[in-house]
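Visitor: The chain contents come next:
Number of protein chains: 2
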Amino acid sequence: MAATMQNTVKSAPAADEPAALKGRIVLSIDAMGGDRGPAAVVAGLAKSAQKNSKIGFIVHGPKAELEPLIAKRKLGDRCVIRDAEETVTMDAKPAWVMRHGRGTSMQSALDSVRNGEADVCVSCGNTGALMALAMLRLRKLDGVNRPAIACLWPSRSPQGFNIMLDVGADIRADQTDLLQYALMGVSYARAGLNVAHPRVGLLNVGTEEHKGRAELKVAHELIESAANASDFEFVGFVEGSDLPSSRVDVIVTDGFSGNIALKTGEGTATLIRELLREAFGHSFLSRMAAVLAMTSLRRLSKKIDPRRVNGGVFMGLNGTVIKSHGSADATGVSAAVKLAFQLADSGFRKRVEARLATASATVQDQLNNE
Amino acid sequence: MAATMQNTVKSAPAADEPAALKGRIVLSIDAMGGDRGPAAVVAGLAKSAQKNSKIGFIVHGPKAELEPLIAKRKLGDRCVIRDAEETVTMDAKPAWVMRHGRGTSMQSALDSVRNGEADVCVSCGNTGALMALAMLRLRKLDGVNRPAIACLWPSRSPQGFNIMLDVGADIRADQTDLLQYALMGVSYARAGLNVAHPRVGLLNVGTEEHKGRAELKVAHELIESAANASDFEFVGFVEGSDLPSSRVDVIVTDGFSGNIALKTGEGTATLIRELLREAFGHSFLSRMAAVLAMTSLRRLSKKIDPRRVNGGVFMGLNGTVIKSHGSADATGVSAAVKLAFQLADSGFRKRVEARLATASATVQDQLNNE
Numbered sequence: 001m002a003a004t005m006q007n008t009v010k011s012a013p014a015a016d017e018p019a020a021l022k023g024r025i026v027l028s029i030d031a032m033g034g035d036r037g038p039a040a041v042v043a044g045l046a047k048s049a050q051k052n053s054k055i056g057f058i059v060h061g062p063k064a065e066l067e068p069l070i071a072k073r074k075l076g077d078r079c080v081i082r083d084a085e086e087t088v089t090m091d092a093k094p095a096w097v098m099r100h101g102r103g104t105s106m107q108s109a110l111d112s113v114r115n116g117e118a119d120v121c122v123s124c125g126n127t128g129a130l131m132a133l134a135m136l137r138l139r140k141l142d143g144v145n146r147p148a149i150a151c152l153w154p155s156r157s158p159q160g161f162n163i164m165l166d167v168g169a170d171i172r173a174d175q176t177d178l179l180q181y182a183l184m185g186v187s188y189a190r191a192g193l194n195v196a197h198p199r200v201g202l203l204n205v206g207t208e209e210h211k212g213r214a215e216l217k218v219a220h221e222l223i224e225s226a227a228n229a230s231d232f233e234f235v236g237f238v239e240g241s242d243l244p245s246s247r248v249d250v251i252v253t254d255g256f257s258g259n260i261a262l263k264t265g266e267g268t269a270t271l272i273r274e275l276l277r278e279a280f281g282h283s284f285l286s287r288m289a290a291v292l293a294m295t296s297l298r299r300l301s302k303k304i305d306p307r308r309v310n311g312g313v314f315m316g317l318n319g320t321v322i323k324s325h326g327s328a329d330a331t332g333v334s335a336a337v338k339l340a341f342q343l344a345d346s347g348f349r350k351r352v353e354a355r356l357a358t359a360s361a362t363v364q365d366q367l368n369n370e
Numbered sequence: 001m002a003a004t005m006q007n008t009v010k011s012a013p014a015a016d017e018p019a020a021l022k023g024r025i026v027l028s029i030d031a032m033g034g035d036r037g038p039a040a041v042v043a044g045l046a047k048s049a050q051k052n053s054k055i056g057f058i059v060h061g062p063k064a065e066l067e068p069l070i071a072k073r074k075l076g077d078r079c080v081i082r083d084a085e086e087t088v089t090m091d092a093k094p095a096w097v098m099r100h101g102r103g104t105s106m107q108s109a110l111d112s113v114r115n116g117e118a119d120v121c122v123s124c125g126n127t128g129a130l131m132a133l134a135m136l137r138l139r140k141l142d143g144v145n146r147p148a149i150a151c152l153w154p155s156r157s158p159q160g161f162n163i164m165l166d167v168g169a170d171i172r173a174d175q176t177d178l179l180q181y182a183l184m185g186v187s188y189a190r191a192g193l194n195v196a197h198p199r200v201g202l203l204n205v206g207t208e209e210h211k212g213r214a215e216l217k218v219a220h221e222l223i224e225s226a227a228n229a230s231d232f233e234f235v236g237f238v239e240g241s242d243l244p245s246s247r248v249d250v251i252v253t254d255g256f257s258g259n260i261a262l263k264t265g266e267g268t269a270t271l272i273r274e275l276l277r278e279a280f281g282h283s284f285l286s287r288m289a290a291v292l293a294m295t296s297l298r299r300l301s302k303k304i305d306p307r308r309v310n311g312g313v314f315m316g317l318n319g320t321v322i323k324s325h326g327s328a329d330a331t332g333v334s335a336a337v338k339l340a341f342q343l344a345d346s347g348f349r350k351r352v353e354a355r356l357a358t359a360s361a362t363v364q365d366q367l368n369n370e
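Quick note, the sequences are listed as chains A and W, same order.
Just so you know, the numbering used here puts the end of the first sequence at 370, numbered straight through with nothing missing.
Just so you know, the numbering used here puts the end of the second sequence at 370, numbered straight through with nothing missing.
The hints are simulated quantities; they were obtained by calculation from the structure and are not laboratory data.
In this text the structure is predicted, and so the values were computed from the model without any measurement.
Do not take every clue at face value.
[What the hints assert, rightly or not] Selected chain W positions facing chain A (Cβ under 8 angstroms, derived; list incomplete):
hint : residue
1    : V205
2    : S241
3    : D242
4    : K263
5    : G267
6    : I272
[What the hints assert, rightly or not] Simulated pairs of lysine-lysine, DSS-like, Cα-Cα distance not exceeding 30 angstroms:
hint : chain 1 : residue 1 : chain 2 : residue 2
7    : W       : K47       : W       : K72
8    : A       : K211      : W       : K93
9    : W       : K140      : W       : K217
10   : A       : K350      : A       : K338
11   : W       : K217      : A       : K211
12   : A       : K217      : A       : K140
13   : W       : K22       : W       : K74
14   : A       : K217      : W       : K217
15   : A       : K93       : W       : K217
16   : A       : K140      : W       : K217
17   : A       : K211      : W       : K140
18   : A       : K140      : W       : K211
19   : W       : K93       : A       : K217
20   : A       : K54       : A       : K350
21   : W       : K211      : A       : K211
[As the list claims (entries may be wrong)] Computed Cβ-Cβ distance ranges for the label pairs, DEER-style:
hint : chain 1 : residue 1 : chain 2 : residue 2 : range
22   : A       : E209      : W       : A357      : 35 to 41 angstroms
23   : A       : A214      : W       : T207      : 25 to 31 angstroms
24   : A       : E224      : W       : N115      : 46 to 52 angstroms
25   : A       : E233      : W       : L136      : 35 to 41 angstroms
26   : W       : E209      : A       : D231      : 40 to 46 angstroms
27   : A       : E224      : W       : T362      : 46 to 52 angstroms
28   : W       : R139      : A       : D142      : 51 to 57 angstroms
29   : W       : R139      : A       : S346      : 55 to 61 angstroms
Glycine is no exception: its CB is placed at the ideal position from the N, C-alpha and C atoms.
Here chain A stands alone, though its shape is the one from the complex (with noise of 0.2 angstroms):
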C-alpha cells in the first residue's frame, strides 16, 4: 500500500507505554516495506529479545496487523507499537518519499530516533527512500557533506569482518568526504566489532602513491594525517584484491566504486555457491561426500552466510540507521538488531560525532595551510 498524505501517526507515546522499555536500550523498528513482510520482522524481533534482556523495542506499522504477531511472539511485554497505516514500497522514489513519507511506518520510525525516544532505527525498507527520507527527517551532522552507508564483508581480519564505506549512499565523494568516512569508519569498528585500533585503507587501483584520482592524493594526505590524533593506523591505498583481508579493516571509497565492489563480491560469492551445489550434485559420490562434508560444508556457509552480515549502517546523520536488506527473514533482521543494539550500548553516535567535530578542525588548518 503506497503512501497517502492522510497522518496516522501518533506522534505521543500512551501513558502505558514506557514499562515495556524502561532500563532497556531501545530500538526503532520500521517492521513495513521488506520482501516477507512485517511477519518476518517481528520473528527477528523474537530471536534478539530471547538472547537478549537489555532490549525494547518501538515497531511501526500498522497496529491491527502488528498486535497479533507481537502477541503470538509473546513480545507485548518488550515492545510499543506505533501506529502507521501506509508503507513505503520496494519501488518508491525517494522524491517521491520526500513529499508522501507523513504516514508511513518509515518515517514514523526514523521520527522515534529524531525525537529521542529511541536509540537506533532499523528498517527493511528501500534504501534510496530510506536514505532521503533520513536526511530529511534526522538531518546531516554539522560539517558533514555526504553521508555514508557502511557494509560488513567477510574477512580474514581476526574480527572475522572488515567495513567499508561508502557502499551507495552517494555516488561523489571528494578529499574531505573520504576523510570524514574513514572517521566514521574508525568509529564503527570500534564501537561495532570491538577493534581498538583500526587500519584504514584508501581503495584504489594501485597501491602506489603515484597511481588513481587527483583526489585519492589529497584523501591519502589527509587521513595520513589524521591518523595519529585519531588514534588508527592507516595503510595506504589497498586494492579490490584486499576487501576480504586482514591487511586492513576499514576500506574507504565513494559510493560509486563502493557500489560496484559490493555487488561484484555479492555477484562472486553467489555464483561459487550455486557451482558448489551444482558440483556436489553431480554424481552419486559426490552426493555421498555432500553428506560426510556437511558438517565442514554447513560452518563455511555460516562464515559466508549473508544474513550474518545484514546491516547497512547510515552515518553522518543526526542519528544511526541501519538498513536491513529487502529480503531479509528472521535470521537476518536479528542480526540487524543485535548491530543496532551494540552501536546503541557503545554511545556510537555521539563517538562519531565527537571524532568528527576534532578532525575537522585540524583538516580545516591544514587544508587552508596548502
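With chain A fixed as given, assemble chain W onto it according to the hints.
Guide: What follows is chain W alone, placed relative to chain A:
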C-alpha cells in the same frame, strides 16, 4: 636484469627463419618478465603447439637462455628466436620503460607486431609498462582516445565467460570512450567467444535509467543508438552482481571501476577457495568427503581456475597485445596463446578497426545534433 640503452635486438629475420613460420598464424612472444621465468613460457608454448599445428612463434629474449629451453621442448621447427638481452622487470615504471625500452624483449616482441611479422603479441611482463610501450610502439587506432584492457569473467552465459572492459588501461573514460569500449567488446565477443549477437551492458550502481554519473547517461544513449547498426543488443545498465550472470556478454565500464570490480571478484573467489580448503581439512570425515568429491571439486575448480581465463587483451591500438598474468605457469601461458591464436585467426584487429570507423561517423553526427 634491467634494460639499458644498448640495442641487442636484430631488426631483420635471418634467412632460415620463415620455414618455421610458413603457412602458420604467427604470434610474437615476450619470453621474459614473468615471475616463473622463460622456462614456464616455453613450456606453455609447447603445450599450445602440441594441440594446434597452425601456430608459429617468434620468441623474444636472451638467445643463449632460450635456445636450450626451446630445444628441450622440441619446438625448433615452430619457433624463431629473436635475441633481446634486456628484461623489463616487474617493478619497472611506465615512464622509465618508455625511455629505456630499446633492447628489451618486451619492445622487441611489440615490434614484431608493429612491422607485420606477427599478428598478436603475448607478454607476461608488468601491465603498466606493457601498456605504455604498446602505445608508443603500436600507436592508438585512428579516432581512439583511450585504449582499453578487456578481461574474461567466469559467468553463467552459455559461452562460460563474460567480457569486461576497461579493467585498468586508464582511470577515466568519457561517453565516447565508453561507446568505443562497447564496440571493441562486441568484436572480442564475436572473435574470441563466438557469440554471434552479443549483449552489452553498461556498469552502474543501479539499473534505472536516471541513476549514476552524467557521462553514463550520455553513454547509455550513444550505445543504445549504435546497437542496431553494429548488430548487438544493448541491455542497458547492469550492476556488479550481473558481472558473472547470463544477462549479458560484454560489460562496459571505466578503468577505475573495472579494476576494482576485477580485483574484488578475484579476492572474493580466493577467500572462498581458502575457506573451502579449510572446511575440508577440518576433520577426518570432511577429509574423507573431499576424497569422494574429488572429481566434482576438480570440475568446479577447473571452471573457476584463474589460469584458464588468463589474458587481458589490449584494444584500441594498431595491433593486438595480450597481457598474460605475471605468475602464469605453462597452463596459464597456453591459455593466453590459445586466445591470441583465436583473435589472430579471426582477423580480430581488422574487424575492430572497421567497426570503430563505421560507428564513429554515426556518433559524431549524433553528438553534433545534441
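Visitor: Does K217(W) sit within 30 angstroms of K217(A), going by the straight-line distance between their CA atoms?
Guide: Measuring from Cα to Cα gives roughly 27 angstroms; hence the hint holds.
Visitor: For the pair we were handed, K140(A) and K211(W), check the Cα-Cα distance against 30 angstroms.
Guide: holds, 22 angstroms
Visitor: Using the nearest Cβ pair, does K263(W) come within less than 8 angstroms of chain A?
Guide: holds, 3 angstroms
Visitor: Given a hint of 25 to 31 angstroms, does the C-beta separation of A214(A) and T207(W) actually sit inside it?
Guide: With a Cβ separation near 30 angstroms, A214(A) and T207(W) satisfy 25 to 31 angstroms, so the hint holds.
Visitor: Let me know if the C-beta of V205(W) comes in closer than 8 angstroms to any C-beta of chain A, holds or violated.
Guide: It holds, given that the least Cβ distance between V205(W) and chain A is near 4 angstroms, below 8 angstroms.
Visitor: Could you say whether the range 35 to 41 angstroms given as a hint is met by the Cβ separation of E233(A) and L136(W)?
Guide: For L136(W) against E233(A), whose Cβ atoms are near 40 angstroms apart, the range 35 to 41 angstroms holds.
Visitor: For a C-alpha distance cap of 30 angstroms, please report whether K54(A) and K350(A) respect it.
Guide: Roughly 20 angstroms between the alpha carbons, so the hint for K54(A) and K350(A) holds.
Visitor: Take a quick look at whether K350(A) and K338(A) sit within 30 angstroms of each other, Cα to Cα.
Guide: Between K350(A) and K338(A) the Cα gap is close to 19 angstroms, so the pair holds against 30 angstroms.
Visitor: Hint check: is the beta carbon of D242(W) less than 8 angstroms from a beta carbon of chain A?
Guide: holds, 7 angstroms
Visitor: Does K22(W) pair with K74(W) here, judged by a C-alpha cut-off of 30 angstroms?
Guide: Given pair K22(W), K74(W) holds - Cα atoms ~18 angstroms apart, limit 30 angstroms.
Visitor: If you draw a straight line from the CA of K93(A) to the CA of K217(W), is it 30 angstroms or shorter?
Guide: Judged against 30 angstroms, a Cα distance of about 18 angstroms means the pair holds.
Visitor: Between K211(A) and K140(W), does the CA-CA distance stay at or below 30 angstroms?
Guide: holds, 22 angstroms
In terms of the numbered hints stated before, the structure departs from none.
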